[in-house]
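In the order they appear, the protein sequences are chains A and B.
Each step along the first sequence adds one to the number in this note's numbering, with nothing skipped, and position 566 is 566.
Each step along the second sequence adds one to the number in this note's numbering, with nothing skipped, and position 151 is 151.
It should be emphasised that the hints constitute simulated quantities derived from the structure, not laboratory data.
Warning: the hint list may mix true and false statements.
EDC-like, lysine to aspartate or glutamate: derived pairs with alpha carbons at most 20 Å apart [said to hold, decoys possible]:
(1) K421/A - D286/B
(2) K269/B - D105/A
(3) K552/A - D397/B
(4) K572/A - E417/B
(5) K105/B - E124/B
(6) K421/A - E340/B
(7) K41/A - D45/B
(8) K106/A - D425/B
(9) K526/A - D571/A
(10) K50/A - D45/B
(11) K564/A - D309/B
(12) K429/B - E556/A
(13) K552/A - D423/B
(14) K421/A - D425/B
Note that the structure is a prediction, hence the values are computed from the model and not measured.
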Amino acid sequence: MEVKSKKSKEPKQGMLKRISGPVVTAVNLDAHMYDVVKVGKEELMGEVIKIQGDNTIIQVYEDTSGIRPGEPVSNTGLSLSVELGPGLLTSIYDGIQRPLAVLVDKMGDFIQRGVSAPGLSHDKKWAFKPLVKAGDKVQGGSIIGEVQETNIVHKVMLPPNAKPGTVKTIKTGEFTVEETVCILDDNREFPMMQRWPVRVPRPVKEKLNPVIPLITGQRILDGLFPIAKGGTAAIPGPFGSGKTVTQQQLAKWSDAEIVVYIGCGERGNEMTEVLTEFPHLEDPKTGKPLMERTVLIANTSNMPVAAREASVYTGITIAEYFRDMGYDVSLMADSTSRWAEAMREISSRLEEMPGEEGYPAYLAARLSEFYERAGLVKTLAGGDGSVSVIGAVSPPGGDFSEPVTQNTLRIVKVFWALDAKLSQRRHFPSINWLNSYSLYLDTLHDWYDKEVSPEWNKLRSWAMEVLQKEAELQEIVQLVGSDALPEAEQITIEVARMIREVFLQQNAYDAVDTFCSMKKQYDMMKAIRLYSDLAYSAQAAGVPPNQINAVKSKNELPQIKFIKDYKPVLDKIAKDMDAEFNALRSAS
Amino acid sequence: MKEYRTINKIAGPLLFVEKTEPIAYGELVNIILFDGTVKRGQVLDTSDELVVVQVFETTAGIGRDSGVRFTGETIKMPVGREMLGRILSGGGKPIDGGPEIVPEKRLDITGAAINPYARASPNEFIQTGISTIDGTNTLVRGQKLPIFSGAGLPHNTIALQIARQAKVLGGKGEFAVVFAAMGITKEEANYFMQDFERTGALERAVVFLNLADDPAVERIITPRLALTTAEYLAFELGMHVLVILTDMTYPGYMYTDLACIYERAGIIKGKKGSITQFPILTMPGDDITHPIPDLTGYITEGQIVVSRDLHRKGIYPPINVLPSLSRLMNLGIGKGHTREDHKKVSDQLYAAYAEGNDLRGLVAIVGKDALSERDRTFLEFADLFENRFVRQGYNEDRTIEGTLDIGWDLLSTLPVEQLVRIDRDMINKYHPKFRNAEKAK
Ligand SMILES: Nc1ncnc2c1ncn2[C@@H]1O[C@H](COP(=O)(O)OP(=O)(O)OP(=O)(O)O)[C@@H](O)[C@H]1O
Ligand SMILES: [Mg+2]
Numbered sequence: 001m002e003v004k005s006k007k008s009k010e011p012k013q014g015m016l017k018r019i020s021g022p023v024v025t026a027v028n029l030d031a032h033m034y035d036v037v038k039v040g041k042e043e044l045m046g047e048v049i050k051i052q053g054d055n056t057i058i059q060v061y062e063d064t065s066g067i068r069p070g071e072p073v074s075n076t077g078l079s080l081s082v083e084l085g086p087g088l089l090t091s092i093y094d095g096i097q098r099p100l101a102v103l104v105d106k107m108g109d110f111i112q113r114g115v116s117a118p119g120l121s122h123d124k125k126w127a128f129k130p131l132v133k134a135g136d137k138v139q140g141g142s143i144i145g146e147v148q149e150t151n152i153v154h155k156v157m158l159p160p161n162a163k164p165g166t167v168k169t170i171k172t173g174e175f176t177v178e179e180t181v182c183i184l185d186d187n188r189e190f191p192m193m194q195r196w197p198v199r200v201p202r203p204v205k206e207k208l209n210p211v212i213p214l215i216t217g218q219r220i221l222d223g224l225f226p227i228a229k230g231g232t233a234a235i236p237g238p239f240g241s242g243k244t245v246t247q248q249q250l251a252k253w254s255d256a257e258i259v260v261y262i263g264c265g266e267r268g269n270e271m272t273e274v275l276t277e278f279p280h281l282e283d284p285k286t287g288k289p290l291m292e293r294t295v296l297i298a299n300t301s302n303m304p305v306a307a308r309e310a311s312v313y314t315g316i317t318i319a320e321y322f323r324d325m326g327y328d329v330s331l332m333a334d335s336t337s338r339w340a341e342a343m344r345e346i347s348s349r350l351e352e353m354p355g356e357e358g359y360p361a362y363l364a365a366r367l368s369e370f371y372e373r374a375g376l377v378k379t380l381a382g383g384d385g386s387v388s389v390i391g392a393v394s395p396p397g398g399d400f401s402e403p404v405t406q407n408t409l410r411i412v413k414v415f416w417a418l419d420a421k422l423s424q425r426r427h428f429p430s431i432n433w434l435n436s437y438s439l440y441l442d443t444l445h446d447w448y449d450k451e452v453s454p455e456w457n458k459l460r461s462w463a464m465e466v467l468q469k470e471a472e473l474q475e476i477v478q479l480v481g482s483d484a485l486p487e488a489e490q491i492t493i494e495v496a497r498m499i500r501e502v503f504l505q506q507n508a509y510d511a512v513d514t515f516c517s518m519k520k521q522y523d524m525m526k527a528i529r530l531y532s533d534l535a536y537s538a539q540a541a542g543v544p545p546n547q548i549n550a551v552k553s554k555n556e557l558p559q560i561k562f563i564k565d566y567k568p569v570l571d572k573i574a575k576d577m578d579a580e581f582n583a584l585r586s587a588s
Numbered sequence: 001m002k003e004y005r006t007i008n009k010i011a012g013p014l015l016f017v018e019k020t021e022p023i024a025y026g027e028l029v030n031i032i033l034f035d036g037t038v039k040r041g042q043v044l045d046t047s048d049e050l051v052v053v054q055v056f057e058t059t060a061g062i063g064r065d066s067g068v069r070f071t072g073e074t075i076k077m078p079v080g081r082e083m084l085g086r087i088l089s090g091g092g093k094p095i096d097g098g099p100e101i102v103p104e105k106r107l108d109i110t111g112a113a114i115n116p117y118a119r120a121s122p123n124e125f126i127q128t129g130i131s132t133i134d135g136t137n138t139l140v141r142g143q144k145l146p147i148f149s150g151a152g153l154p155h156n157t158i159a160l161q162i163a164r165q166a167k168v169l170g171g172k173g174e175f176a177v178v179f180a181a182m183g184i185t186k187e188e189a190n191y192f193m194q195d196f197e198r199t200g201a202l203e204r205a206v207v208f209l210n211l212a213d214d215p216a217v218e219r220i221i222t223p224r225l226a227l228t229t230a231e232y233l234a235f236e237l238g239m240h241v242l243v244i245l246t247d248m249t250y251p252g253y254m255y256t257d258l259a260c261i262y263e264r265a266g267i268i269k270g271k272k273g274s275i276t277q278f279p280i281l282t283m284p285g286d287d288i289t290h291p292i293p294d295l296t297g298y299i300t301e302g303q304i305v306v307s308r309d310l311h312r313k314g315i316y317p318p319i320n321v322l323p324s325l326s327r328l329m330n331l332g333i334g335k336g337h338t339r340e341d342h343k344k345v346s347d348q349l350y351a352a353y354a355e356g357n358d359l360r361g362l363v364a365i366v367g368k369d370a371l372s373e374r375d376r377t378f379l380e381f382a383d384l385f386e387n388r389f390v391r392q393g394y395n396e397d398r399t400i401e402g403t404l405d406i407g408w409d410l411l412s413t414l415p416v417e418q419l420v421r422i423d424r425d426m427i428n429k430y431h432p433k434f435r436n437a438e439k440a441k
């Protein structure tokens, strides 16, 4: 972001007294909490995070090496804000909304400091189409016009806190984001762009209960542990267990209209991967490049920690802004643990009293304030919009009992528990089906009934029961071997294996399997159920288990995943299974 | 330059200096002992009352009478093409008896972060000739892929085999190796040096040696010097640089400390060179959840795990593929890189080996006879996998096709309907039982 000083008030210069990494102390500075300040001769950007006597304590968003006591500090009088308007989509920003593409032009391939750049291009012109006319009553949040930004229509709104008024003039044509497009009766002028302080949630008319699932095309998520549009989910797991791949799969295939992806303290190459891949991938719903609906925030692990702390707020504010236009937005934060660590690092520099594992005492509060910004809402403009939030958690040693995981699980409604045992055997997504849960099952029940099939909810419970039963049987198998199980239970083991291998396992890197429609999910589960029913009835009719296991047609089921036009193949498999079992039954 | 004699407290590696002029954060500090010895440190915290300095060497000999000089700049490293073929101390001073290095540039050793927008996605397959890497945990150029090992395991031998055999098929460009040793023994260091000399690799290498009996605090800067050198060679001179850092087991390092080292790898759009990082770390007590391997795993792009069990079985290289991972593998394999069946063969090998390996535990309790026929084939598969796929010679340089073919040979011992990870077309084309029939068609 770029910061301009408020012209009205002559800012009083303060002076640096102490520099301790990203945290510096200034004296003689007129400041309020969360004001943005410029630190040192190079005018590094910082934010006031504590005021104590004459000392103002500031976190600095850039490297502070070389800065000395005695250098000046000035207050911009603004709080840390983002620029909101056309130009957000397809952008990649650092944690404080500096566009990384512009930074490459300004300072080369490595991130240098002391360079600011506005979040939106102030030169580019956009074709603005008014949606109100002179004489219309408008208020904070009203949609006054639109811009075709990418394939996405960007609704231009009055800022949420604008007082009501009547439109005097509304313009049509090409404008930059700073030029006035709307004038009200009392001569207030509005450009397309607005600013919003990132630490303050954008207001809404009311919060609604989420009742529609965010369909992700991932079988274990949509099928077993769905998240609602406007819901919250956490995906904790040890390193290499699949947090990022899952988040990227959601960013690619979930049926949100806008995606905000925050790489918070993670790898540079992962962001590059998104940047190279997304422009070439099509949104399965619109057929348009995925990049066109995406905003990326990349504050990688080696970029300044204070900006990492801010990145999560920058991201969610942008998500809320699109929600206010009436869009379904999904936000991925990878990883919230790195955000929590940034808080911990700054807190320790502040010499605050540490809480559990050295995290600040306000960790739980910050996490819940963040997830609280998710939701399905009635917007100020009167439409429905949602922000779904999915946070990755990276627990040390993969141990879920640590504070970030525990505090997160107290807040979120969906828990996708990654399991290193599964990832080690390349069972992907390595989400443990016994430990994971979704608290939205009840509220989404009707949707699945209506939109998928009245059978679906039953099929889902059946599959969960089989998996549960398998876990119990496995304990016995570990003691006596599988051949010692009663015949019916040997079938249960086989059916559970099919649920795992056919339904749950899904290869993110296979061109077809990477996305699975709800219809296909239902058809696949139904086919497994069919096998199960046939197998049990054959067993009841006296067919021995080794013959049941030898049924050939069922071996074709895993292939279904890789076939786009799967229906004829699946129908044939069902017919063949039927025939094979008939033959077995009549033979016995 | 002003010299202060105002040290007011010394605690651990930290000096507290009073009554100074304004001192910059991160500034390089020289501490002058009464006998003229100079030690180096860096400003950790600075205020108008007190400056905290972290000393990079032992504080032995530092006292109230020591002089403190603030150099006014952050730590810089002289770099130049001449460094190739040279052996330097862990602090960057020549120790091979050769001349001082005439710098072409002096660079800040902290290194700025590569703008993620400037990065190019690594996707060039590096063939190491080792099946457990090429076949199932493929390395690509620009990746950071550590070896997680334990005391007494042959990680150095593996690292050398990789350094010797690694090549990009059909790849062009100048190569260089930057080798940084932190706290390893003289003997281990010699092992590397002799191999470098024997193969002629030394000419294309820059070596930094901080041995076990060198000051431990110096190790804080050794990897940074090495990476600053690597960045110069890669991004200014256009070389493909392989950086070996051993041993990266830094007690007390936090996530950000390690990230600022490991993230200094990759490729930049429009630049010729690249940095591929191969850090080696020994897991205390072979414990992968120990903070250092744990933090490392969270930052690097996968890990190669060396196993004591396989080593005891006499298998070289004793790489346990199950906990090993290469996250960039998918970008560097498949059609146009290696072979179209690569990904699926790898997935299937994993799944089958994992299953067979689990059954070993069961067999120990219930005996082989209690296993179903299906399970027995998987159990046997696990042994075959270790003996034919994992095991290979120290000088055996397998091609990627060779590796994949071994994979198919092993998979063909399983009933074909158990190959659920592989689609039918691939099976018809590559499975030994079908591929000839397919060709005949
Ligand atoms: N759904 C999937 N399909 C196929 N492969 C997957 C899937 N999920 C994960 N993987 C594999 O697992 C690897 C690690 O996954 P990922 O990078 O998402 O882990 P992570 O949990 O984000 O780890 P870290 O905490 O270190 O960032 C991937 O590189 C990929 O090889
Ligand atoms: Mg990740």
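Going through the numbered hints above, which ones does this structure break? Give me the numbers in ascending order.
When the structure is compared with the hints, numbers 3, 5, 6, 8, 11, 14 turn out to be violated.
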